[in-house]
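6 protein chains.
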Amino acid sequence: MTNAFEPLDSGTVPRFAGLPTFMRLPVAEPSQVDIAIIGVPFDLGTTNRAGTRHGPRELRNQSSLMRRVHHVTGLSPYDRARVADCGDVIIDPFDLMRSLDIITAHYEGVREVGALPLTAGGDHLISLPILRGLAKDSPVGLIQFDAHSDTYDTFFNGSKYTHGTPFRRAIEEGLVDPKRFVQIGLRGAISDAGNYDYAREMGVRIIFIEEFMERGVADVMAEARAIVGDAPTYVTFDIDGIDPSQAPGTGTPEIGGFSTREAQQMVRLLDGLDIIGADLVEVAPPFDPSGLTALTGATILFELLCVLAGVVEKKGAR
Amino acid sequence: MTNAFEPLDSGTVPRFAGLPTFMRLPVAEPSQVDIAIIGVPFDLGTTNRAGTRHGPRELRNQSSLMRRVHHVTGLSPYDRARVADCGDVIIDPFDLMRSLDIITAHYEGVREVGALPLTAGGDHLISLPILRGLAKDSPVGLIQFDAHSDTYDTFFNGSKYTHGTPFRRAIEEGLVDPKRFVQIGLRGAISDAGNYDYAREMGVRIIFIEEFMERGVADVMAEARAIVGDAPTYVTFDIDGIDPSQAPGTGTPEIGGFSTREAQQMVRLLDGLDIIGADLVEVAPPFDPSGLTALTGATILFELLCVLAGVVEKKGAR
Amino acid sequence: MTNAFEPLDSGTVPRFAGLPTFMRLPVAEPSQVDIAIIGVPFDLGTTNRAGTRHGPRELRNQSSLMRRVHHVTGLSPYDRARVADCGDVIIDPFDLMRSLDIITAHYEGVREVGALPLTAGGDHLISLPILRGLAKDSPVGLIQFDAHSDTYDTFFNGSKYTHGTPFRRAIEEGLVDPKRFVQIGLRGAISDAGNYDYAREMGVRIIFIEEFMERGVADVMAEARAIVGDAPTYVTFDIDGIDPSQAPGTGTPEIGGFSTREAQQMVRLLDGLDIIGADLVEVAPPFDPSGLTALTGATILFELLCVLAGVVEKKGAR
Amino acid sequence: MTNAFEPLDSGTVPRFAGLPTFMRLPVAEPSQVDIAIIGVPFDLGTTNRAGTRHGPRELRNQSSLMRRVHHVTGLSPYDRARVADCGDVIIDPFDLMRSLDIITAHYEGVREVGALPLTAGGDHLISLPILRGLAKDSPVGLIQFDAHSDTYDTFFNGSKYTHGTPFRRAIEEGLVDPKRFVQIGLRGAISDAGNYDYAREMGVRIIFIEEFMERGVADVMAEARAIVGDAPTYVTFDIDGIDPSQAPGTGTPEIGGFSTREAQQMVRLLDGLDIIGADLVEVAPPFDPSGLTALTGATILFELLCVLAGVVEKKGAR
Amino acid sequence: MTNAFEPLDSGTVPRFAGLPTFMRLPVAEPSQVDIAIIGVPFDLGTTNRAGTRHGPRELRNQSSLMRRVHHVTGLSPYDRARVADCGDVIIDPFDLMRSLDIITAHYEGVREVGALPLTAGGDHLISLPILRGLAKDSPVGLIQFDAHSDTYDTFFNGSKYTHGTPFRRAIEEGLVDPKRFVQIGLRGAISDAGNYDYAREMGVRIIFIEEFMERGVADVMAEARAIVGDAPTYVTFDIDGIDPSQAPGTGTPEIGGFSTREAQQMVRLLDGLDIIGADLVEVAPPFDPSGLTALTGATILFELLCVLAGVVEKKGAR
Amino acid sequence: MTNAFEPLDSGTVPRFAGLPTFMRLPVAEPSQVDIAIIGVPFDLGTTNRAGTRHGPRELRNQSSLMRRVHHVTGLSPYDRARVADCGDVIIDPFDLMRSLDIITAHYEGVREVGALPLTAGGDHLISLPILRGLAKDSPVGLIQFDAHSDTYDTFFNGSKYTHGTPFRRAIEEGLVDPKRFVQIGLRGAISDAGNYDYAREMGVRIIFIEEFMERGVADVMAEARAIVGDAPTYVTFDIDGIDPSQAPGTGTPEIGGFSTREAQQMVRLLDGLDIIGADLVEVAPPFDPSGLTALTGATILFELLCVLAGVVEKKGAR
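Residue numbers (this note's numbering), protein chains in the order written: chain F, 46 to 363; chain R, 46 to 363; chain C, 46 to 363; chain L, 46 to 363; chain Z, 46 to 363; chain Y, 46 to 363.
No distinction is drawn between identical chains; accordingly, a pair holds when it is met within one copy or between any pair of copies.
Calculated cross-link-like contacts (lysine to aspartate or glutamate; reagent style EDC-like; alpha-carbon spacing at most 20 Å): (1) 205 <-> 54; (2) 205 <-> 140; (3) 224 <-> 268.
In short, the hints are calculated from the structure, not lab data.
Produce the entire structure from the sequences given, and follow the hints as far as they go.
If you want it as structure tokens, here you go:
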């Protein structure tokens with residue numbers, strides 16, 4: 046079905062050759078595909094160690110190591126959906142608010158043409174304008190893999206738009222239904238004992254890493270699936286949810302995270318949900334000299350892509 | 046109670062700004078606080094790859110990423126105790142024996158003013174003069190997290206004071222009660238089949254990583270707590286106990302260690318013991334280009350600090 | 046028995062001193078020893094990121110950190126067998142086929158003098174000429190620890206000899222009995238849905254990482270032992286079987302691998318099998334700036350050495 | 046005269062011990078000293094690779110290697126002036142314009158107490174608010190060592206405040222007298238052929254690296270001294286003026302720069318000018334894994350300090 | 046004239062955004078442009094440390110830092126010629142001889158459509174098939190910047206095609222006129238005292254680094270220009286000609302090379318020659334963790350591009 | 046003459062293969078050769094950043110890149126003298142004074158058998174026991190290439206034996222004739238204005254980098270040769286004399302050093318002096334992640350070896 050949108054064959058074109066597009070895919074417009082992989086090189090929301098503006102490029106670079114067919118399902122996303130590298134959103138490095146509007150407009154466009162967006166960030170603030178673009182009509186469910194809740198109110202003299210605040214804004218703006226919102230993997234000391242109060246009061250389900258370790262992947266994901274149910278749901282994966290030994294290159298690393306094995310299993314268990322888009326954020330290449338974080342991120346993007354391809358197949362090609 | 050000894054608020058002063066004191070705390074004298082965080086930049090006991098002399102500085106640097114409140118207990122050590130960065134012990138890089146005496150004297154001083162010391166090393170030999178300073182009247186219990194037993198007799202032509210020998214000396218000198226001494230996480234090939242004989246004969250309980258893996262954190266820590274009981278106990282955490290994927294920057298790495306998740310759980314299970322001090326040793330920044338080891342170490346220091354704050358609270362402020 | 050083949054004593058000669066031979070052993074000829082540790086600095090079979098030609102040197106370098114006696118068994122391989130560093134096979138960097146012949150001839154020589162070879166690679170293609178040297182008379186069993194099956198047919202315009210194809214060739218050439226061949230740890234997306242068909246059709250047992258995680262080390266290894274039985278068996282350990290957080294320096298990393306703790310347990314459970322040789326391959330130092338991969342590899346080599354020493358002891362010294 | 050403001054003696058306190066203040070100096074207020082070394086951890090003006098927010102900390106760290114007495118003059122700045130680490134300006138990472146105002150106010154305060162500021166950046170935009178704080182009454186002369194002119198008009202949709210524009214703003218605002226403004230070391234391709242037109246039209250003297258190489262340090266500096274004359278002059282040193290082999294850790298490296306030997310000679314030839322302050326900017330630690338850039342920067346700060354101490358001595362202590 | 050082939054404007058699209066094509070140019074076919082920038086990711090000719098197969102990708106990546114207009118001439122190559130990223134030549138990593146033929150055929154095609162090729166390697170062997178493609182009718186002149194002569198006869202059992210032998214083959218095959226061939230910057234110990242005999246006997250002019258240092262850039266380049274004269278000439282720039290402090294990431298580094306300032310001056314002095322193509326080779330990213338070598342290489346490519354644009358302008362657009 | 050002591054031929058044995066001995070030479074005893082290359086893995090004299098204990102190993106490793114014949118003279122040291130890797134001196138990492146005695150005894154032995162020692166350090170303190178071994182009968186001349194004078198009296202509570210004091214001790218002990226002692230390249234701030242007084246008073250000639258830059262290599266070396274004259278002379282080369290861009294991996298880097306081109310020229314101008322031995326010290330691999338410092342050091346060792354081979358040839362083989 047989708048011959049025009051195949052990744053380069055590594056048995057013909059060596060992996061080290063050619064432009065590093067996402068997954069070695071062709072470059073195309075969202076209107077041409079079912080799933081649009083999009084880079085958002087933005088780190089203006091970062092409170093401490095910036096660098097995720099360089100994330101999309103390194104994720105593309107490491108994604109040269111990816112292959113076609115998932116080894117567990119035996120299915121290839123490229124047989125199930127048309128997928129392309131749809132380029133980067135061109136933000137304004139000197140205007141955070143304008144950049145958010147640019148991103149929002151971009152994802153409204155993606156939504157209008159009917160493509161499912163798979164996003165490579167960028168810091169976690171980008172999930173807010175993405176949700177504005179995708180969920181303006183009615184709130185969506187949200188599954189968040191992360192070390193941090195990102196539901197603070199403000200930072201530094203009242204800044205409301207930071208990578209520590211996107212999901213509070215998303216709830217306030219009616220983009221996310223807090224009753225259909227689950228956070229998995231949270232950990233690490235917090236600035237204030239009341240840090241999680243807002244999320245809890247709104248009904249967000251927080252699963253700390255300690256509970257996760259007790260219950261295991263299958264049980265936690267069963268609950269997560271139940272929370273979001275059959276309605277439209279967005280997935281956001283902060284690379285700092287994964288242990289820093291496997292993803293050191295990020296701005297706010299927290300030791301004691303979940304392993305990549307656990308991460309892969311969790312993403313696979315999203316299969317069958319009505320996912321309207323997904324992102325992988327917080328890969329900061331200046332803190333990732335070995336490239337391992339970008340490799341981990343690229344592989345998670347592939348796992349998310351496989352899930353999204355299942356959504357496309359289920360709904361039928363456009 | 047402890048307003049004067051708060052860490053800098055990262056919502057006001059960005060984490061990248063300001064002098065990198067331990068946990069972004071004020072600098073003070075041990076006499077002003079309940080818990081004194083102290084650096085011991087010493088690596089004269091190292092047999093192979095030196096560099097832990099630079100440990101305290103990088104542990105301070107990475108501790109800028111720490112926050113106020115433990116996410117599991119909801120408690121902040123800074124609400125329970127006065128804590129400060131009490132600077133470094135100034136050793137003599139050309140005189141091992143004199144340096145040991147300097148350290149001993151320093152910790153006698155800390156003990157006299159009634160502060161609990163939390164130490165950032167330095168190689169593992171520093172635990173010996175610290176114990177001399179803290180435990181000269183009666184032997185204490187000891188919980189050691191480590192890949193190695195550090196109970197050798199001598200190295201190289203009879204050197205008795207090395208980072209492979211401190212706990213043999215501590216037993217011989219009556220500083221540690223070997224019956225109340227437990228070692229957790231040991232592994233790695235040894236130089237001689239009789240390596241562990243001394244410790245075993247003295248009654249030290251050695252829990253190898255293999256036993257640890259079989260039994261799990263809860264069971265092992267229950268035994269460890271029973272071994273040291275209610276009497277005064279010192280805690281020493283060698284970063285090489287943790288797997289080198291999570292703590293590569295150390296002089297004698299051994300693959301197959303415990304994970305940071307396990308390490309954090311174990312430290313939390315020290316809560317309620319009568320701990321008289323703790324150290325985190327063997328972080329060697331020249332072998333830690335990514336800073337991950339120092340981040341892991343700084344987080345373990347925070348976990349130890351939370352336990353010590355419980356001790357302070359229990360005993361009442363001075 | 047084996048006084049002439051002892052590693053340097055690190056309590057006398059510091060680990061940083063002296064030439065970095067394997068395990069700090071003497072240099073000798075295979076004919077002088079029971080177990081010959083051999084380097085094969087070859088990466089002509091690599092499809093993407095080369096560099097394993099530098100593997101033997103860095104494995105030697107990191108093996109300076111090894112010690113004499115296994116801490117679980119209390120046994121030293123050097124008490125059970127004569128072991129030496131038998132140097133590198135000198136391949137021709139401009140002639141893949143000639144290099145394979147050089148390697149084959151070298152291992153025929155090792156076999157003839159009756160030494161068991163323990164090899165430090167090199168990319169995975171080297172297992173093929175090693176098997177040609179060792180198993181030309183009758184097919185052997187094979188236990189493979191790996192992220193990849195390495196049973197592809199060809200790459201790039203029909204190249205049959207690559208690091209993705211050695212075990213297909215080995216089956217075709219009658220060097221390995223596919224019914225006595227088990228692969229453990231496979232994972233990662235594949236180029237084609239039919240990728241594993243050849244191996245499956247030939248009767249190779251593939252244990253993916255997912256099955257491994259379900260069943261655990263003991264159960265998997267019990268099956269592996271049953272598959273190879275009592276007959277002669279070769280062991281090949283691709284470092285990329287281990288998670289890239291613990292072995293990042295390799296050409297084709299796949300996240301979600303087994304841990305070093307699991308790897309060590311598995312190798313120990315090879316004890317008692319009739320092992321005729323073993324290799325550790327795919328350590329690529331240019332992608333291993335921290336040296337962790339070479340450290341992991343050197344430790345796995347030590348574990349394999351201990352198993353081989355048991356074989357020697359069982360069969361009696363030559 | 047200045048006993049209270051001596052750096053730690055490295056023959057007593059090892060360089061690796063103690064908090065890494067600038068030059069190992071005491072921490073003090075500008076009002077207590079003649080020369081205030083100040084960090085401005087700010088990179089909001091950066092157009093591409095951010096990271097100079099971490100500059101002051103690493104410059105402090107590497108300045109531990111500095112010593113007391115200049116080897117050419119035989120003079121110590123600490124004998125000629127009271128000097129201290131006066132901490133960081135606490136900027137707002139989410140508000141560029143507010144941060145500029147914070148910096149301006151800070152330097153107005155420094156000026157009011159009569160201290161000469163020596164600043165460790167931060168990106169080059171910080172020179173603008175520093176000049177606002179120091180030169181609001183009458184324009185000053187400016188000597189700029191740099192690879193770039195930094196006199197662009199705007200970037201990205203009209204942003205006027207970036208690290209490529211500070212000196213155009215400074216001229217427009219009457220802070221710098223363009224007739225007393227010399228730029229040394231410029232090079233590298235430019236975005237537009239008219240790039241240097243504004244500076245040239247205003248009368249700024251641009252000395253490209255090619256002219257510099259032709260004429261040599263002495264001749265160029267004689268001209269520079271003549272241009273600024275005896276009136277008050279500010280000095281700004283962008284680390285990217287130096288060749289990236291000696292200062293790789295910066296956001297916009299340009300090959301073919303001047304050497305550190307040339308840089309040191311040039312700074313020494315500032316001696317005797319009426320310098321009212323100086324800065325060293327654009328050290329970006331995330332791109333400086335070896336620390337060499339911060340070492341180079343710290344040494345240039347020491348050279349600048351020696352020149353400023355001469356100014357203090359000449360004018361007499363306050 | 047050439048609006049369709051402009052690099053992305055970094056004042057609109059941040060340098061960190063977008064696919065990293067050479068110089069941020071559009072991707073096009075050689076037939077569409079005057080100058081074709083081409084990657085040749087090939088390192089099969091490497092005798093020791095491989096890795097230049099990854100060169101084109103990292104040269105593209107670092108070329109994001111380049112700009113439009115040369116600061117010395119005030120001219121932009123993009124105003125003088127149509128220039129594009131014409132992709133990579135897809136070589137066969139398992140067949141050196143076939144790869145040479147693929148490269149030859151590719152450059153014959155470039156020549157046929159009349160574009161001037163600017164090549165990013167790859168190891169130095171690629172110059173041979175490029176010359177076969179460009180110079181098959183009559184020998185060309187050659188200016189080689191390099192640490193090594195690359196005129197050996199064979200390596201390892203008679204291999205004639207290695208990165209140490211291309212120019213001997215080129216002379217033998219009549220591709221290069223040895224009387225119009227000059228080598229600049231040679232240095233480093235040699236394998237055999239007769240190493241340079243062949244080149245000398247054929248009339249190649251070798252200018253060692255020592256002679257270069259004595260005479261300076263201008264004098265040496267005047268001679269080089271005289272040697273090649275007005276006839277068609279190829280330019281090959283081995284990055285190892287430059288000192289390893291400025292270009293460490295290469296397989297055969299030699300200390301004591303020329304500086305980037307000297308390199309830039311030399312390339313600029315090629316202006317006006319009848320250059321038919323140029324290459325920049327031997328950038329090996331696995332040995333270039335800081336990216337400095339690729340930055341240096343990308344800037345030399347820009348300098349070469351400016352020279353080639355002058356050739357295009359002189360000859361008139363096609 | 047010296048067939049038995051040839052380096053491995055890199056056209057037969059690839060540079061990446063084989064044990065990394067110095068210059069790929071055979072291992073032998075000093076009594077078998079004319080020139081003994083010896084490692085002294087010792088850093089107990091280091092005041093700040095240790096790590097030179099790992100120097101000999103990495104110098105050996107990088108010396109794999111060396112070749113046979115000097116390109117300027119056309120002579121090979123291996124044609125003029127018998128040269129071998131004579132292993133490491135086994136020091137005691139816990140006893141500085143005993144280690145000095147071990148080194149002294151070792152070099153007395155080398156002297157007795159009549160070999161010229163070429164030493165790879167180790168920190169600069171090792172020059173003292175080497176001189177004790179070589180010059181006990183009558184003081185020798187000394188040519189020192191260095192950033193520092195190393196003639197301090199004591200450090201830290203009176204330690205007399207540090208890497209900052211060896212040449213004061215050597216003068217005091219009558220090992221070096223201060224009138225025949227020249228130091229070249231000194232620079233960097235000093236701890237005390239009187240730092241150089243001792244050396245000056247004793248008649249040592251100090252040539253600071255500034256004077257060196259003024260006069261150039263030829264003039265400076267003419268003076269140095271005149272100072273030491275025809276009598277026996279030792280040469281000591283501290284890698285920190287070279288600029289840290291070319292030799293970053295050292296404990297006490299000072300910017301603004303001489304270049305490798307200058308260093309090579311200076312060493313070549315030692316030709317014809319009566320040199321009794323030479324050392325290359327202060328390479329600290331933990332601070333040299335790229336290996337460039339060890340490469341620079343290995344090449345300087347080769348240059349020194351060529352000079353020593355001339356001495357051997359002149360005196361006639363033993």
